[in-house]
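**Student:** Sequence:
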Amino acid sequence: MKRFFLKSIIILFAVFSSCNYTSRTDRAVTESDKGVVFAKEPIDSADYKFLKYDFYLSKSGQLYERKLVMATDSSCNCLFEVYYDSIFCIYSEDTITKMPLKEIVDINSFVRLDSTEYSKDKNKVFYFHGNSDGGIRVIVDSADPATFKRLCEYRWGIDKNYVFYKNDIVKGVELKNLQVLYPPDTADHFIQYIKDNKSVFYQTEIVKSADAKTFKVVSGQKWEAEDKNYKYEAGIRKE
97 MKRFFLKSII ILFAVFSSCN YTSRTDRAVT ESDKGVVFAK EPIDSADYKF LKYDFYLSKS
157 GQLYERKLVM ATDSSCNCLF EVYYDSIFCI YSEDTITKMP LKEIVDINSF VRLDSTEYSK
217 DKNKVFYFHG NSDGGIRVIV DSADPATFKR LCEYRWGIDK NYVFYKNDIV KGVELKNLQV
277 LYPPDTADHF IQYIKDNKSV FYQTEIVKSA DAKTFKVVSG QKWEAEDKNY KYEAGIRKE
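Position 239 (the sequence shown) corresponds to 335 in the numbering used here; numbering is contiguous.
Please keep in mind that the hints were generated in silico from the structure rather than gathered at the bench. Don't be surprised by glycine CBs; every beta carbon is placed ideally from N, CA and C. None of the hints are false.
Computed beta-carbon distance windows for the label pairs:
no., residue 1, residue 2, range
1, Leu147, Thr191, 23 to 33 Å
2, Ser156, Thr243, 35 to 45 Å
3, Leu271, Thr168, 41 to 51 Å
4, Leu274, Gly316, 24 to 34 Å
5, Asp229, Ile203, 21 to 31 Å
6, Arg333, Asn227, 24 to 34 Å
7, Asp169, Lys145, 21 to 31 Å
8, Lys324, Val276, 17 to 27 Å
9, Lys318, Asn293, 25 to 35 Å
10, Asn273, Phe146, 38 to 48 Å
I would like the entire structure built from these sequences, with the hints used as guidance.
**Tutor:** Printed below as a string of structure tokens:
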């Protein structure tokens, strides 16, 4: 009887422990894990005044964007390091022009578009490319900020003139006949294809040989889309 009672206690303890187990990542985020913190702020972080979103103002009046960078120095005992960036890079072919952030972003009218990587102010539309180095925000050329909005998921946008994939125009789309091709599997949230009455587009490229009328996205196959004639993978016809 005693042996059975002791065994029952051990089982109950094991079950209780497993139900209250917290992963290493969760511990790092919610508290600390042997001194490892989620994000380490710079020493002078108190000098920055919060404005909105990730934007801050320095004592000298410079506009900064707060960014997280994957920690590379193990001595910091952190997963990420925080830095404040006051530079906006404008990319043109092989050149990069660095401008003060406050000369590019109108912070008073700046808003983020929900569930996208897009943002805009009264003058410009922006797309944010995230990466382990903190990411970069780029200007979406030719986008009209007054009419720009989210199209479907976070990489697609639309205004009165164009459809955009990330920061590029999808050329040739007839807006009045635009159709977003959602995957049949509702667990797949990524939109890769759109079409109009004449053409099918994979991201920014026209899908050659595609029959727009019968083209559709499929699930559970070795290909991701099909029409009455062919199968397609990543916008390319499968032979």
